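Enquirer: Sequence:
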Amino acid sequence: MASEETLRPTSEEEASEIVRQAAAGGRTLEIVGGGTKRGIGQPSRADRQLSTAGLTGITEYNPGELVLTARAGTPVAEIEAALSSNNQVLAFQPGNWRALFGANGAPTIGAIAAANVSGSRRISAGAARDSLLGVRFINGRGEIIKNGGKVMKNVTGLDLVKLMAGSWGTLGLLTEVSFKVLPRAATEATLVVHGGTAKEAASLMATAMGTSADVSGASHLPEAIATRMPGMPFDGQSATVLRLEGFEDSVAARLERLRAALPPGSETSTLDTGQSASLWQSLSDVAPFAASNAPLWRISVAPVWGADVAAAIRRRLEGELWFDWQGGLVWLQLSGTPDDAGATIIRDAIAANGGGHATLMRADEAVRANLPVFQPLAPAVAALSERIRASMDPASVFNPGRMVFDGDRKAA
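Its first residue numbered 1, the sequence shown is counted upward by one per residue in the UniProt record's numbering.
No wet-lab data here; the hints were simulated from the structure. Since the structure is predicted, the reported quantities are computational estimates derived from the model, not experimental observations. Fair warning: there could be bad hints in the mix.
Simulated restraints on C-beta separations [unchecked claim]:
| hint | residue 1 | residue 2 | range |
| --- | --- | --- | --- |
| 1 | S335 | S84 | 37 to 47 Å |
| 2 | A99 | G274 | 16 to 26 Å |
| 3 | A260 | S396 | 49 to 59 Å |
| 4 | E13 | E60 | 17 to 27 Å |
| 5 | A378 | T270 | 38 to 48 Å |
| 6 | A352 | T270 | 34 to 44 Å |
| 7 | I388 | Q237 | 46 to 56 Å |
Using 27 Å as the maximum straight-line C-alpha spacing, the simulated BS3-like pairs for lysine-lysine come out as follows [stated by the list, open to error]:
| hint | residue 1 | residue 2 |
| --- | --- | --- |
| 8 | K180 | K146 |
| 9 | K180 | K162 |
| 10 | K146 | K162 |
Cβ atoms here follow ideal geometry from the backbone N, Cα and C, with glycine treated the same way.
Using the sequences and the accompanying hints, generate a full structural model.
Expert: Here it is in C-alpha coordinates:
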(Lines of atoms letter the chains of each structure in order from A; the text may use other names.)
(Lines give C-alpha, C1' and ligand atoms only; values in the text may rest on other atoms or scores of the structure.)
Protein backbone atom coordinates (compact mmCIF):
# COMPACT_ATOMS: atom_id res chain seq x y z
CA MET A 1 0.00 0.00 0.00
CA ALA A 2 1.26 3.46 -0.87
CA SER A 3 2.34 5.92 1.78
CA GLU A 4 -0.10 8.77 2.33
CA GLU A 5 2.82 11.22 2.49
CA THR A 6 2.21 13.54 -0.45
CA LEU A 7 4.73 15.81 -2.16
CA ARG A 8 3.21 18.86 -3.89
CA PRO A 9 5.73 20.70 -6.07
CA THR A 10 4.65 24.09 -7.40
CA SER A 11 7.11 24.24 -10.30
CA GLU A 12 8.55 21.91 -12.89
CA GLU A 13 12.03 22.47 -11.46
CA GLU A 14 10.91 21.50 -7.96
CA ALA A 15 9.24 18.36 -9.32
CA SER A 16 12.40 17.51 -11.22
CA GLU A 17 14.49 17.74 -8.05
CA ILE A 18 12.02 15.50 -6.17
CA VAL A 19 12.34 12.86 -8.88
CA ARG A 20 16.15 13.10 -8.91
CA GLN A 21 16.29 12.61 -5.16
CA ALA A 22 13.87 9.69 -5.31
CA ALA A 23 15.92 7.96 -8.00
CA ALA A 24 19.16 8.51 -6.09
CA GLY A 25 17.67 7.25 -2.84
CA GLY A 26 15.85 4.24 -4.25
CA ARG A 27 12.44 5.70 -3.39
CA THR A 28 9.30 5.29 -5.48
CA LEU A 29 6.53 7.76 -6.30
CA GLU A 30 2.83 7.36 -7.03
CA ILE A 31 1.76 10.12 -9.41
CA VAL A 32 -1.65 11.61 -8.60
CA GLY A 33 -3.66 14.47 -10.07
CA GLY A 34 -7.16 14.89 -8.71
CA GLY A 35 -7.14 11.32 -7.44
CA THR A 36 -10.25 10.32 -9.38
CA LYS A 37 -8.55 7.35 -11.08
CA ARG A 38 -6.36 6.05 -8.25
CA GLY A 39 -8.44 2.88 -8.04
CA ILE A 40 -7.52 1.78 -11.57
CA GLY A 41 -4.59 -0.59 -11.94
CA GLN A 42 -2.68 -2.88 -9.61
CA PRO A 43 -2.61 -1.50 -6.03
CA SER A 44 0.11 1.08 -5.51
CA ARG A 45 3.40 0.01 -3.93
CA ALA A 46 4.99 3.46 -3.97
CA ASP A 47 6.69 5.05 -0.97
CA ARG A 48 5.15 8.49 -1.48
CA GLN A 49 2.58 10.31 -3.56
CA LEU A 50 3.72 13.01 -5.99
CA SER A 51 0.82 15.35 -6.71
CA THR A 52 0.42 17.65 -9.71
CA ALA A 53 -2.04 19.82 -7.75
CA GLY A 54 0.51 22.66 -7.65
CA LEU A 55 1.18 22.55 -11.40
CA THR A 56 -1.91 24.34 -12.66
CA GLY A 57 -3.02 26.93 -15.16
CA ILE A 58 -3.55 27.40 -18.87
CA THR A 59 -0.20 28.56 -20.22
CA GLU A 60 -1.16 29.26 -23.83
CA TYR A 61 -4.48 29.40 -25.67
CA ASN A 62 -5.08 31.04 -29.00
CA PRO A 63 -8.57 30.08 -30.17
CA GLY A 64 -7.69 30.93 -33.76
CA GLU A 65 -4.95 28.29 -33.80
CA LEU A 66 -7.21 25.61 -32.25
CA VAL A 67 -4.54 24.66 -29.70
CA LEU A 68 -4.60 24.86 -25.90
CA THR A 69 -1.63 24.25 -23.60
CA ALA A 70 -2.00 23.77 -19.86
CA ARG A 71 -0.05 22.46 -16.89
CA ALA A 72 -0.86 18.89 -15.99
CA GLY A 73 -2.66 19.59 -12.71
CA THR A 74 -5.17 21.98 -14.28
CA PRO A 75 -8.74 20.78 -13.62
CA VAL A 76 -10.57 19.67 -16.75
CA ALA A 77 -13.48 21.89 -15.71
CA GLU A 78 -11.21 24.94 -16.00
CA ILE A 79 -10.10 23.82 -19.47
CA GLU A 80 -13.66 23.24 -20.63
CA ALA A 81 -14.82 26.60 -19.26
CA ALA A 82 -12.10 28.43 -21.21
CA LEU A 83 -12.97 26.52 -24.36
CA SER A 84 -16.70 27.05 -23.91
CA SER A 85 -16.25 30.81 -23.74
CA ASN A 86 -14.87 30.56 -27.27
CA ASN A 87 -17.39 27.95 -28.50
CA GLN A 88 -14.73 25.26 -28.64
CA VAL A 89 -14.40 21.76 -27.18
CA LEU A 90 -12.01 18.89 -26.61
CA ALA A 91 -13.04 16.77 -29.59
CA PHE A 92 -12.68 13.41 -27.84
CA GLN A 93 -15.26 14.31 -25.14
CA PRO A 94 -13.41 13.12 -22.01
CA GLY A 95 -15.61 11.53 -19.39
CA ASN A 96 -15.69 12.61 -15.76
CA TRP A 97 -15.28 9.37 -13.81
CA ARG A 98 -15.42 10.93 -10.34
CA ALA A 99 -18.84 9.43 -9.53
CA LEU A 100 -17.87 6.10 -11.09
CA PHE A 101 -15.13 5.66 -8.49
CA GLY A 102 -16.71 7.58 -5.62
CA ALA A 103 -13.85 10.09 -5.68
CA ASN A 104 -13.89 13.61 -4.28
CA GLY A 105 -11.18 15.27 -6.36
CA ALA A 106 -11.47 17.00 -9.71
CA PRO A 107 -10.22 15.31 -12.91
CA THR A 108 -7.09 16.97 -14.30
CA ILE A 109 -5.98 17.45 -17.88
CA GLY A 110 -2.73 15.59 -17.24
CA ALA A 111 -4.62 12.52 -16.05
CA ILE A 112 -6.84 12.66 -19.14
CA ALA A 113 -3.68 12.43 -21.25
CA ALA A 114 -1.94 9.84 -19.07
CA ALA A 115 -4.98 7.55 -19.07
CA ASN A 116 -6.06 8.35 -22.66
CA VAL A 117 -9.61 8.99 -21.42
CA SER A 118 -11.84 9.15 -24.49
CA GLY A 119 -15.62 9.52 -24.49
CA SER A 120 -18.39 8.65 -26.89
CA ARG A 121 -17.18 10.93 -29.68
CA ARG A 122 -14.06 8.80 -30.12
CA ILE A 123 -15.61 6.93 -33.06
CA SER A 124 -15.66 10.12 -35.12
CA ALA A 125 -13.02 12.40 -33.56
CA GLY A 126 -10.43 9.87 -32.39
CA ALA A 127 -9.07 9.17 -28.93
CA ALA A 128 -7.41 11.62 -26.55
CA ARG A 129 -3.98 10.59 -27.89
CA ASP A 130 -5.09 11.65 -31.39
CA SER A 131 -5.68 15.21 -30.14
CA LEU A 132 -2.52 15.34 -28.01
CA LEU A 133 0.02 17.48 -29.87
CA GLY A 134 2.83 17.92 -27.38
CA VAL A 135 3.94 17.18 -23.83
CA ARG A 136 6.48 18.25 -21.26
CA PHE A 137 7.40 15.61 -18.74
CA ILE A 138 10.05 14.57 -16.24
CA ASN A 139 11.65 11.19 -16.81
CA GLY A 140 12.89 8.81 -14.13
CA ARG A 141 16.28 10.53 -14.04
CA GLY A 142 14.68 13.85 -13.17
CA GLU A 143 15.34 15.28 -16.65
CA ILE A 144 12.78 17.68 -18.13
CA ILE A 145 11.76 16.53 -21.61
CA LYS A 146 9.76 18.43 -24.23
CA ASN A 147 8.25 16.40 -27.02
CA GLY A 148 5.89 17.29 -29.85
CA GLY A 149 4.67 20.72 -30.80
CA LYS A 150 1.89 23.23 -30.26
CA VAL A 151 0.68 23.37 -33.87
CA MET A 152 -0.98 20.56 -35.75
CA LYS A 153 1.55 20.48 -38.59
CA ASN A 154 4.48 19.94 -36.19
CA VAL A 155 4.88 16.19 -35.68
CA THR A 156 8.36 16.18 -34.14
CA GLY A 157 8.56 13.30 -31.69
CA LEU A 158 4.95 12.29 -32.29
CA ASP A 159 5.56 8.68 -31.29
CA LEU A 160 6.75 9.65 -27.81
CA VAL A 161 3.72 11.89 -27.37
CA LYS A 162 1.48 8.95 -28.20
CA LEU A 163 3.43 6.68 -25.85
CA MET A 164 2.77 9.01 -22.94
CA ALA A 165 -0.97 8.87 -23.68
CA GLY A 166 -2.24 5.76 -21.96
CA SER A 167 0.99 5.06 -20.03
CA TRP A 168 -0.77 5.69 -16.69
CA GLY A 169 2.19 7.60 -15.27
CA THR A 170 4.64 4.71 -15.63
CA LEU A 171 6.94 6.44 -18.14
CA GLY A 172 7.25 9.90 -16.62
CA LEU A 173 5.57 12.75 -14.77
CA LEU A 174 3.58 14.88 -17.20
CA THR A 175 3.96 18.57 -16.35
CA GLU A 176 2.34 20.21 -19.38
CA VAL A 177 0.17 19.07 -22.29
CA SER A 178 -0.95 20.65 -25.57
CA PHE A 179 -4.22 19.56 -27.15
CA LYS A 180 -5.84 20.25 -30.48
CA VAL A 181 -9.33 21.66 -29.93
CA LEU A 182 -12.29 22.05 -32.28
CA PRO A 183 -15.23 24.44 -32.72
CA ARG A 184 -18.35 23.40 -30.84
CA ALA A 185 -21.11 22.12 -33.11
CA ALA A 186 -23.89 24.65 -33.62
CA THR A 187 -26.48 22.04 -32.69
CA GLU A 188 -26.91 18.33 -32.18
CA ALA A 189 -29.69 15.75 -32.21
CA THR A 190 -29.89 12.06 -31.42
CA LEU A 191 -32.00 9.56 -33.29
CA VAL A 192 -33.37 6.90 -30.94
CA VAL A 193 -34.27 3.52 -32.39
CA HIS A 194 -36.49 1.79 -29.85
CA GLY A 195 -36.25 -1.92 -29.04
CA GLY A 196 -34.03 -4.57 -30.53
CA THR A 197 -31.36 -6.97 -29.33
CA ALA A 198 -27.65 -6.25 -29.07
CA LYS A 199 -27.04 -8.24 -32.26
CA GLU A 200 -29.69 -6.27 -34.14
CA ALA A 201 -28.25 -3.05 -32.76
CA ALA A 202 -24.78 -3.99 -34.00
CA SER A 203 -26.12 -4.35 -37.54
CA LEU A 204 -28.09 -1.12 -37.24
CA MET A 205 -25.08 0.86 -35.96
CA ALA A 206 -22.87 -0.53 -38.72
CA THR A 207 -25.43 0.59 -41.29
CA ALA A 208 -25.66 4.05 -39.72
CA MET A 209 -21.89 4.50 -39.62
CA GLY A 210 -21.71 3.48 -43.28
CA THR A 211 -24.05 6.24 -44.44
CA SER A 212 -23.10 9.80 -45.30
CA ALA A 213 -25.00 11.06 -42.24
CA ASP A 214 -21.70 11.60 -40.35
CA VAL A 215 -22.77 9.94 -37.11
CA SER A 216 -20.65 11.14 -34.15
CA GLY A 217 -21.97 8.77 -31.50
CA ALA A 218 -23.42 5.26 -31.68
CA SER A 219 -24.45 3.31 -28.59
CA HIS A 220 -26.84 0.54 -27.62
CA LEU A 221 -28.51 0.51 -24.22
CA PRO A 222 -30.25 -2.73 -23.20
CA GLU A 223 -33.55 -2.31 -21.41
CA ALA A 224 -32.08 -2.48 -17.90
CA ILE A 225 -29.71 0.38 -18.70
CA ALA A 226 -32.12 2.46 -20.77
CA THR A 227 -34.65 2.53 -17.96
CA ARG A 228 -32.18 4.15 -15.57
CA MET A 229 -31.34 7.10 -17.84
CA PRO A 230 -33.31 9.97 -16.24
CA GLY A 231 -35.33 12.24 -18.49
CA MET A 232 -34.89 10.10 -21.59
CA PRO A 233 -37.98 8.94 -23.57
CA PHE A 234 -36.93 5.32 -23.94
CA ASP A 235 -40.36 3.98 -22.86
CA GLY A 236 -39.00 1.01 -20.94
CA GLN A 237 -37.38 -0.51 -24.01
CA SER A 238 -33.83 -1.03 -25.14
CA ALA A 239 -32.53 1.85 -27.24
CA THR A 240 -29.95 2.32 -29.95
CA VAL A 241 -28.88 5.97 -30.05
CA LEU A 242 -27.20 7.74 -32.96
CA ARG A 243 -25.89 11.31 -32.60
CA LEU A 244 -25.57 13.92 -35.35
CA GLU A 245 -23.81 17.28 -34.87
CA GLY A 246 -23.37 20.37 -37.01
CA PHE A 247 -25.42 23.25 -38.39
CA GLU A 248 -29.18 23.03 -37.85
CA ASP A 249 -30.18 22.57 -41.50
CA SER A 250 -27.47 19.97 -42.02
CA VAL A 251 -28.47 18.00 -38.92
CA ALA A 252 -32.12 18.00 -40.00
CA ALA A 253 -31.25 16.75 -43.49
CA ARG A 254 -28.94 14.06 -42.17
CA LEU A 255 -31.57 12.88 -39.69
CA GLU A 256 -33.91 12.19 -42.59
CA ARG A 257 -31.14 10.42 -44.46
CA LEU A 258 -30.44 8.27 -41.41
CA ARG A 259 -34.10 7.37 -40.91
CA ALA A 260 -34.31 6.28 -44.53
CA ALA A 261 -31.42 3.86 -44.00
CA LEU A 262 -33.11 2.06 -41.10
CA PRO A 263 -34.93 -1.26 -41.48
CA PRO A 264 -38.60 -0.80 -42.48
CA GLY A 265 -40.91 -0.46 -39.50
CA SER A 266 -38.25 0.84 -37.10
CA GLU A 267 -39.77 2.77 -34.20
CA THR A 268 -37.85 6.01 -33.71
CA SER A 269 -37.88 9.28 -31.82
CA THR A 270 -35.50 12.23 -31.66
CA LEU A 271 -33.72 13.87 -28.74
CA ASP A 272 -33.33 17.64 -29.02
CA THR A 273 -30.05 19.46 -28.41
CA GLY A 274 -30.38 19.59 -24.62
CA GLN A 275 -31.47 15.98 -24.20
CA SER A 276 -28.84 14.79 -26.64
CA ALA A 277 -25.99 16.63 -24.92
CA SER A 278 -27.11 15.33 -21.52
CA LEU A 279 -27.33 11.73 -22.74
CA TRP A 280 -23.91 11.64 -24.38
CA GLN A 281 -22.17 13.28 -21.44
CA SER A 282 -23.77 10.70 -19.16
CA LEU A 283 -22.53 7.89 -21.41
CA SER A 284 -19.01 9.34 -21.54
CA ASP A 285 -19.11 9.55 -17.73
CA VAL A 286 -20.28 5.89 -17.56
CA ALA A 287 -23.12 7.21 -15.41
CA PRO A 288 -25.27 4.02 -15.62
CA PHE A 289 -22.73 2.26 -13.38
CA ALA A 290 -21.80 5.14 -11.09
CA ALA A 291 -23.95 4.23 -8.09
CA SER A 292 -22.20 0.94 -7.34
CA ASN A 293 -19.01 -0.65 -6.05
CA ALA A 294 -19.47 -3.83 -8.09
CA PRO A 295 -16.61 -5.06 -10.30
CA LEU A 296 -16.61 -3.13 -13.57
CA TRP A 297 -14.91 -4.16 -16.81
CA ARG A 298 -14.08 -2.06 -19.86
CA ILE A 299 -13.92 -4.34 -22.90
CA SER A 300 -12.56 -3.09 -26.23
CA VAL A 301 -13.08 -5.18 -29.37
CA ALA A 302 -13.80 -4.66 -33.05
CA PRO A 303 -17.40 -3.32 -33.32
CA VAL A 304 -18.51 -6.32 -35.36
CA TRP A 305 -17.61 -8.63 -32.44
CA GLY A 306 -19.06 -6.64 -29.53
CA ALA A 307 -22.44 -8.38 -29.33
CA ASP A 308 -20.90 -11.86 -29.71
CA VAL A 309 -18.32 -11.21 -26.98
CA ALA A 310 -21.05 -9.89 -24.68
CA ALA A 311 -23.27 -12.92 -25.35
CA ALA A 312 -20.42 -15.34 -24.64
CA ILE A 313 -19.69 -13.62 -21.34
CA ARG A 314 -23.33 -13.42 -20.28
CA ARG A 315 -23.74 -17.16 -20.75
CA ARG A 316 -21.31 -17.71 -17.86
CA LEU A 317 -21.41 -14.53 -15.77
CA GLU A 318 -24.26 -12.48 -14.34
CA GLY A 319 -24.22 -8.75 -14.75
CA GLU A 320 -25.36 -5.73 -16.75
CA LEU A 321 -23.73 -4.19 -19.79
CA TRP A 322 -24.09 -1.60 -22.51
CA PHE A 323 -22.29 -0.74 -25.72
CA ASP A 324 -20.54 2.41 -26.93
CA TRP A 325 -18.31 3.17 -29.94
CA GLN A 326 -20.63 1.38 -32.40
CA GLY A 327 -20.49 -1.74 -30.22
CA GLY A 328 -16.71 -1.81 -29.95
CA LEU A 329 -16.67 -0.70 -26.30
CA VAL A 330 -18.55 -2.86 -23.81
CA TRP A 331 -19.02 -1.68 -20.24
CA LEU A 332 -19.79 -4.72 -18.06
CA GLN A 333 -20.76 -4.52 -14.39
CA LEU A 334 -20.80 -7.89 -12.64
CA SER A 335 -23.29 -9.08 -10.05
CA GLY A 336 -21.24 -10.08 -7.02
CA THR A 337 -17.55 -10.91 -7.24
CA PRO A 338 -16.93 -14.23 -9.02
CA ASP A 339 -13.59 -16.02 -8.90
CA ASP A 340 -10.87 -13.76 -10.37
CA ALA A 341 -13.60 -11.15 -10.98
CA GLY A 342 -14.49 -13.07 -14.13
CA ALA A 343 -11.15 -12.28 -15.77
CA THR A 344 -10.57 -15.73 -17.27
CA ILE A 345 -14.08 -16.04 -18.70
CA ILE A 346 -14.05 -12.50 -20.09
CA ARG A 347 -10.63 -12.72 -21.69
CA ASP A 348 -11.31 -16.19 -23.10
CA ALA A 349 -14.51 -14.87 -24.70
CA ILE A 350 -12.57 -12.01 -26.27
CA ALA A 351 -9.87 -14.33 -27.61
CA ALA A 352 -12.50 -16.62 -29.15
CA ASN A 353 -14.35 -13.76 -30.82
CA GLY A 354 -11.96 -11.63 -32.81
CA GLY A 355 -9.56 -10.52 -30.07
CA GLY A 356 -9.29 -7.30 -28.11
CA HIS A 357 -8.59 -6.40 -24.51
CA ALA A 358 -10.34 -6.09 -21.17
CA THR A 359 -9.43 -3.83 -18.24
CA LEU A 360 -10.81 -4.28 -14.73
CA MET A 361 -11.72 -0.67 -14.06
CA ARG A 362 -13.23 -1.03 -10.61
CA ALA A 363 -12.81 -3.65 -7.89
CA ASP A 364 -11.67 -3.91 -4.28
CA GLU A 365 -7.93 -3.61 -3.73
CA ALA A 366 -7.71 -7.24 -2.60
CA VAL A 367 -9.24 -8.37 -5.89
CA ARG A 368 -6.97 -6.16 -8.00
CA ALA A 369 -3.89 -7.41 -6.16
CA ASN A 370 -4.50 -10.97 -7.30
CA LEU A 371 -5.13 -10.72 -11.04
CA PRO A 372 -3.90 -8.72 -14.05
CA VAL A 373 -6.03 -5.57 -14.10
CA PHE A 374 -4.82 -4.60 -17.58
CA GLN A 375 -4.95 -7.03 -20.51
CA PRO A 376 -1.81 -9.22 -20.38
CA LEU A 377 0.50 -8.51 -23.31
CA ALA A 378 2.01 -11.05 -25.65
CA PRO A 379 5.56 -11.91 -24.46
CA ALA A 380 7.30 -10.02 -27.28
CA VAL A 381 5.14 -6.93 -26.75
CA ALA A 382 5.61 -7.10 -22.98
CA ALA A 383 9.39 -7.29 -23.41
CA LEU A 384 9.36 -4.27 -25.74
CA SER A 385 7.16 -2.31 -23.34
CA GLU A 386 9.52 -3.09 -20.47
CA ARG A 387 12.54 -1.94 -22.49
CA ILE A 388 10.81 1.35 -23.26
CA ARG A 389 9.83 1.82 -19.62
CA ALA A 390 13.33 1.00 -18.37
CA SER A 391 14.89 3.46 -20.82
CA MET A 392 12.70 6.27 -19.50
CA ASP A 393 12.60 5.27 -15.83
CA PRO A 394 15.61 3.01 -15.14
CA ALA A 395 15.20 3.12 -11.36
CA SER A 396 11.45 2.32 -11.54
CA VAL A 397 10.57 5.49 -9.67
CA PHE A 398 7.09 6.06 -11.13
CA ASN A 399 3.95 4.09 -10.24
CA PRO A 400 5.79 0.79 -9.66
CA GLY A 401 3.75 -2.22 -10.71
CA ARG A 402 0.64 -0.26 -11.65
CA MET A 403 0.29 -1.77 -15.12
CA VAL A 404 2.08 -5.11 -14.64
CA PHE A 405 0.79 -7.90 -12.43
CA ASP A 406 3.57 -9.57 -10.42
CA GLY A 407 2.57 -12.94 -11.84
CA ASP A 408 3.05 -11.59 -15.38
CA ARG A 409 6.45 -10.15 -14.50
CA LYS A 410 7.62 -13.42 -12.96
CA ALA A 411 6.33 -15.43 -15.94
CA ALA A 412 8.18 -13.15 -18.35
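Enquirer: Now tell me, hint by hint, if it's right for this structure.
Expert: These are the hints, each one checked on the structure:
no.	hint	verdict
1	S335 <-> S84: 37 to 47 Å	holds, 39 Å
2	A99 <-> G274: 16 to 26 Å	holds, 21 Å
3	A260 <-> S396: 49 to 59 Å	holds, 57 Å
4	E13 <-> E60: 17 to 27 Å	holds, 19 Å
5	A378 <-> T270: 38 to 48 Å	holds, 45 Å
6	A352 <-> T270: 34 to 44 Å	holds, 38 Å
7	I388 <-> Q237: 46 to 56 Å	holds, 48 Å
8	K180 <-> K146	holds, 17 Å
9	K180 <-> K162	holds, 14 Å
10	K146 <-> K162	holds, 13 Å
Against the hints set out earlier in the document, no violation occurs for any number.
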